[in-house]
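Here are the chains, one letter per residue:
There are 2 protein chains.
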Amino acid sequence: MALTYQTKMTVPFDMSDINGFIKIPQLLLLSLQVSGLQSAELGNSDKSMLEQYNLAWIVTDYDIKIERLPLFDEEITIETEALSHNRLFCYRSIRIFDAQGQLIVDMLASFVMFDRKERKVHPVLEEIVAVYQSEKSKKIMRGPRYQALQNPQIQDYLVRFYDLDMNGHVNNSKYLDWILEAMGSEFLEDHIPERIQLKYVKEVQAGGLIESKLEVQGLQSSHEISSNGQINAQALVSWKQIKR
Amino acid sequence: MALTYQTKMTVPFDMSDINGFIKIPQLLLLSLQVSGLQSAELGNSDKSMLEQYNLAWIVTDYDIKIERLPLFDEEITIETEALSHNRLFCYRSIRIFDAQGQLIVDMLASFVMFDRKERKVHPVLEEIVAVYQSEKSKKIMRGPRYQALQNPQIQDYLVRFYDLDMNGHVNNSKYLDWILEAMGSEFLEDHIPERIQLKYVKEVQAGGLIESKLEVQGLQSSHEISSNGQINAQALVSWKQIKR
Numbered sequence: 139m140a141l142t143y144q145t146k147m148t149v150p151f152d153m154s155d156i157n158g159f160i161k162i163p164q165l166l167l168l169s170l171q172v173s174g175l176q177s178a179e180l181g182n183s184d185k186s187m188l189e190q191y192n193l194a195w196i197v198t199d200y201d202i203k204i205e206r207l208p209l210f211d212e213e214i215t216i217e218t219e220a221l222s223h224n225r226l227f228c229y230r231s232i233r234i235f236d237a238q239g240q241l242i243v244d245m246l247a248s249f250v251m252f253d254r255k256e257r258k259v260h261p262v263l264e265e266i267v268a269v270y271q272s273e274k275s276k277k278i279m280r281g282p283r284y285q286a287l288q289n290p291q292i293q294d295y296l297v298r299f300y301d302l303d304m305n306g307h308v309n310n311s312k313y314l315d316w317i318l319e320a321m322g323s324e325f326l327e328d329h330i331p332e333r334i335q336l337k338y339v340k341e342v343q344a345g346g347l348i349e350s351k352l353e354v355q356g357l358q359s360s361h362e363i364s365s366n367g368q369i370n371a372q373a374l375v376s377w378k379q380i381k382r
Numbered sequence: 139m140a141l142t143y144q145t146k147m148t149v150p151f152d153m154s155d156i157n158g159f160i161k162i163p164q165l166l167l168l169s170l171q172v173s174g175l176q177s178a179e180l181g182n183s184d185k186s187m188l189e190q191y192n193l194a195w196i197v198t199d200y201d202i203k204i205e206r207l208p209l210f211d212e213e214i215t216i217e218t219e220a221l222s223h224n225r226l227f228c229y230r231s232i233r234i235f236d237a238q239g240q241l242i243v244d245m246l247a248s249f250v251m252f253d254r255k256e257r258k259v260h261p262v263l264e265e266i267v268a269v270y271q272s273e274k275s276k277k278i279m280r281g282p283r284y285q286a287l288q289n290p291q292i293q294d295y296l297v298r299f300y301d302l303d304m305n306g307h308v309n310n311s312k313y314l315d316w317i318l319e320a321m322g323s324e325f326l327e328d329h330i331p332e333r334i335q336l337k338y339v340k341e342v343q344a345g346g347l348i349e350s351k352l353e354v355q356g357l358q359s360s361h362e363i364s365s366n367g368q369i370n371a372q373a374l375v376s377w378k379q380i381k382r
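Residue numbers (our numbering), protein chains in the order written: chain A, 139 to 382; chain B, 139 to 382.
It cannot be assumed that every hint is accurate.
[As the list claims (entries may be wrong)] Listed below are the simulated BS3-like cross-link pairs for lysine-lysine, each with C-alpha atoms no more than 25 Å apart in a straight line: (1) K185(A) / K146(B); (2) K146(A) / K185(B); (3) K146(A) / K146(B); (4) K351(B) / K203(B); (5) K203(A) / K378(A); (6) K340(A) / K255(A); (7) K255(B) / K146(B); (8) K255(B) / K185(B); (9) K340(A) / K258(A).
Just so you know, the hints here were simulated from the structure itself, not pulled from any lab data.
Please model the entire structure based on the sequences and the hints provided.
Here's what the structure looks like:
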């Protein structure tokens, strides 16, 4: 068992959607923040990792299972744990519990270490993952096979100035925003995801347009974010209707 | 002097723009949050105001003077005070200080009380403003005269599902986002506002498109947000170039 890190919070008004659920891109932002808090507490902040090793964490995949979404004003506990790692990947669990201790959201995030000078993925450095007491394991957790979309609907989005962070990168949560928004307001008013599988392929460049492509079959949707003819991210989402 | 309320915070990574400045729509969001915290502390939360009086606060105008913008990881103090009120308007100051106690952002917000049952503005209720020790004054703080735009550039934005809050309203800070984004990334990379004057005219409806119109003359820009042929908001912004 690796070290776990927990933080409690109450879902604020400005994170809540029209149905009172937490906005799903916010869930991803929170998961990154809580992972960052654990790293900082263990003396391995993003800043020190960059200064000491010239390395940055990059998320490559998410697998998000949603039993139910946290509600406005609900007190939740977010727990994270660096589950295991192999030669290239580090796997991190982010779990959200309600006040009764019920697991309501269960996320798995895959990270790689990125060498900022060489501009390429760096093999996992044991001395970094040691601080999390992450277990070394040959197990590779593969995401699904994402099929190319045949005849997608397309929604364009502008990459906005305020979408960029200090490093000129679009936050991971923004990709999910583009993916979900493309379903349209009417659908989103009546449905929430049960499971989201998301793969980051290539970073979106600042400025210009991205295409959010999708194919919907019943309560399953397949997604591609692409720009300049290249795929930037792929996703599969299973939906369920909101009970009223 | 009315009661003041203060809160300290450190500007987090995900609120910081590509230049390391706090994202300006976030400033507006913070100002509303801090006003809300004071109200809750004084026993006049939005919820209790609605339950007791059927009234909600609505911001009608902002006047924001920016000496300099808070930076990533900077500790700031946000202070708010219900300055004064007259028959219809309540004026609130929101000030941001740096760690040396220097005033760096000075905002004035004008509020009215809105009767949710009657769907119209309600005269200021003395028993509500009394809790803030707000001073009664005949002084009316008028915003500038916003001229109709003659030959504007137009940028369309979709009102997105995640732009809406639990009441189906677009947050005040989103209007500022549409206004500033319309200046374009290139301009925003090199300029920050010195002063923003903003008037809310009519609420944007959920769904559909808004037009962010603008005319730029040197370092002054004039803005309109409109939808369905109606003006929703107007703004004047004075800019300065970022010193490198």
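Evaluated hints:
no.	hint	in the structure
1	K185(A) / K146(B)	23 Å, holds
2	K146(A) / K185(B)	23 Å, holds
3	K146(A) / K146(B)	20 Å, holds
4	K351(B) / K203(B)	22 Å, holds
5	K203(A) / K378(A)	12 Å, holds
6	K340(A) / K255(A)	18 Å, holds
7	K255(B) / K146(B)	37 Å, violated
8	K255(B) / K185(B)	15 Å, holds
9	K340(A) / K258(A)	12 Å, holds
Violated hints amount to a single one, hint 7; each of the other numbered hints is respected by the structure.
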